[in-house]
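Trainee: Just so you know, we're using our numbering here: the sequence shown kicks off at 1 and counts up by one.
Since the hints were derived computationally from the structure, they do not count as laboratory data.
With a straight-line cut-off of 20 angstroms between C-alpha atoms, the simulated SDA-like cross-links for lysine to any residue are: (1) K267 x Q349; (2) K279 x T256; (3) K267 x T313; (4) K353 x L266; (5) K675 x L4; (6) K596 x S608; (7) K596 x S412; (8) K303 x Q349; (9) K233 x Y220; (10) K76 x M231; (11) K631 x A641; (12) K233 x M373; (13) K675 x G3; (14) K13 x L67; (15) K279 x G307.
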Amino acid sequence: MPGLSGLLDIGKKSLFASQAAIEVVGNNISNANTPGYSRQSVRLEDGLYLNYAPGQLGTGVNAVEVLRHFDEFVEKQYNTKMSEQERWAQLYQNLQGVEGIFNEANSEGVSEALRQFWNDWQQLSVDPQNSSIRTALLGHASNLERALETAKADLDQLQNQIDGTIRQEVSEINKIIQGIAQVNQQITAYEETGKNNANGLRDQRASLVRELAEKIDITYVDNGLGNVTIMTKAGHTLVDGKEYFRLAFEGPQVITDLAGSYDGELKFEGSADHEYTIKIVTGGAIGTAQYKVSVDGGATWLKDDSGNDLLFTTSGYDSRITLPGGETSIHFSDPSAPGNVLASGDMFQVLPKSSLFWYENSSSKMNITPQIMPNGQDNERRLIGGSLTGLFQFRDDSVGGFGEKLDAFASSLAWEVNRIHSQGAGLQRFENTIGTYGVTNQNAALGAPESGLFFGDKLTTGNVTVHVYDKSTGALVSSEVLDFGGSNFDPDAHSLTDVRAAFEAMDGISASIVDGRLQIQADAGYDFAFGSDTCGLLAALGINTFFEGTDARTLAVNTTVYTNTSMINAGHVNGAGEMNRGDNTTAAAIAALQMKNVEVTTITSGKSTQTLGEYYSALVGRVGAETASAKFNYDYQSALASDLRARQDAVSGVNLDEEMTNLIRFQHSYTAAAKLISTADSMLQVLLGLKS
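Required output: the full structure, derived from the provided sequences and hints.
Mentor: Structure (structure tokens):
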């Protein structure tokens, strides 16, 4: 109430308010260099006014609450840019290591080994009988295979290392998510709007959110009362108040989404850098039902040469199919009852690599592994930002893409060389030989995926000529083409069993199938050689070839050739069945491959027509281009994030000059309040003295 007591009360409130303000200023000063600390201030509010003559009189000041200065709008933008910055930072940092793998400045790179390989074939075409050139060719071919194998092994090692880093990142993310939920719960318990703000806890939560945003892309909603909901930008909830959801990095597996009654399993073997979506398009029993395949979650489907969806027929283990673009084979197990057949629309997600999952509950999970679509854009239903996305992008798209192209290069090199070499002749003939490429189903048409023949899709309709000789005299006994019931070989109709029977029907030789590979044996007193092959059968089966293996890790000189330089085919068998000394037909044709445009195919980039040297150079160039692109994006996003950080610091950062000014101001206020109390006390003493 007005009067001396009211004046004392005003002084007391002023004293307390100034003291509170000084304490907050002191806290700001002491935490000026504390990471994550936001500047605070006391909100002062004048007290009630009382009606009194000559008018309303105030009752002083109230220190209502301690405010935290923090711009939520800027912070959301900053977290978004930090997610992008950390994504590209992670990618750029790791790509710099890949550049060393494809360093063609030294004399031990693939380019130099390939140049020497072509040069040796050119030299051999000049002097086909020269044993020194043949030995040098084998040495340089071995150098080439080792260079490819080393590069691929280094890429595989990088992927394995990244898997370990990803696993650690996911563990840290789960700890952060749990920590945010715990802080949410504490804020809800301690905070009273307009009176008691849990500023320290809010700073702690903001720091955790920043840490989370650096690792994955997030968005969040403030529900009030200190309760926030945090989600990935794709909408997967990570924190909802005190509840939290976990991420998991799990090994290869199959995820099913069945529309019908099929209760068997899709099983797979092998690995790949892709994930495959299998969709049943024609329902039915195994062996009848058909499916199509996608490597981008169903956005697009693999096509045949005519542009139609590439269809596969479901099969069991014995007819398992190797999916395009990898070493992954799949098959379907039988259902529990004959009526439980596959239905149109049944979906299977084959994940031959470790992947990232979001768990909604203990039994429901969703694949959120970052994925780049065919158009180069992110799959926005997955993670799209943060260091974790950068790690996955490096593992799958960068290293995986480089490895895919390196394998395609090695595969095309093997096929193109073998296609010519298999129709040639060396310095001696065969008594027996066995193919280096086998099938998983010897009764399936060799051109069908069910056969499991790696180069089966290269086969065309045509035939093979085989020449049989008297071993002791060298005289030609017979020259025959394979007979498939009076017709040529047809990859869509004839199986390895049919091929074996066609060889078996020839005079002077016998044939068998050993572990899915064709073995040809000369009868006693005979040997044989191969002539023209218009269908690619010999090269596809690995018979009379220079290389064996199908990718950068397995490419090697055929063991038969490596152990006997006389089996290097420089010439050929002419129409009269003769192997003429000095013939350089095959060597010259292989040497000419250096300048020939060939077709190289990958599952992600499709078909490319250029020389093998140009293709490899383009691969090396892509490594440099991706590194430069990652650096550009990192620099760009870093600049944006730094600007937003500066804007936030302008609001929440502690300015020591400003705080010193406030300290002096509130110190003067405190002194004035004390003087007010002293004055009121003096007035009271005067009043009391009147009574005496």
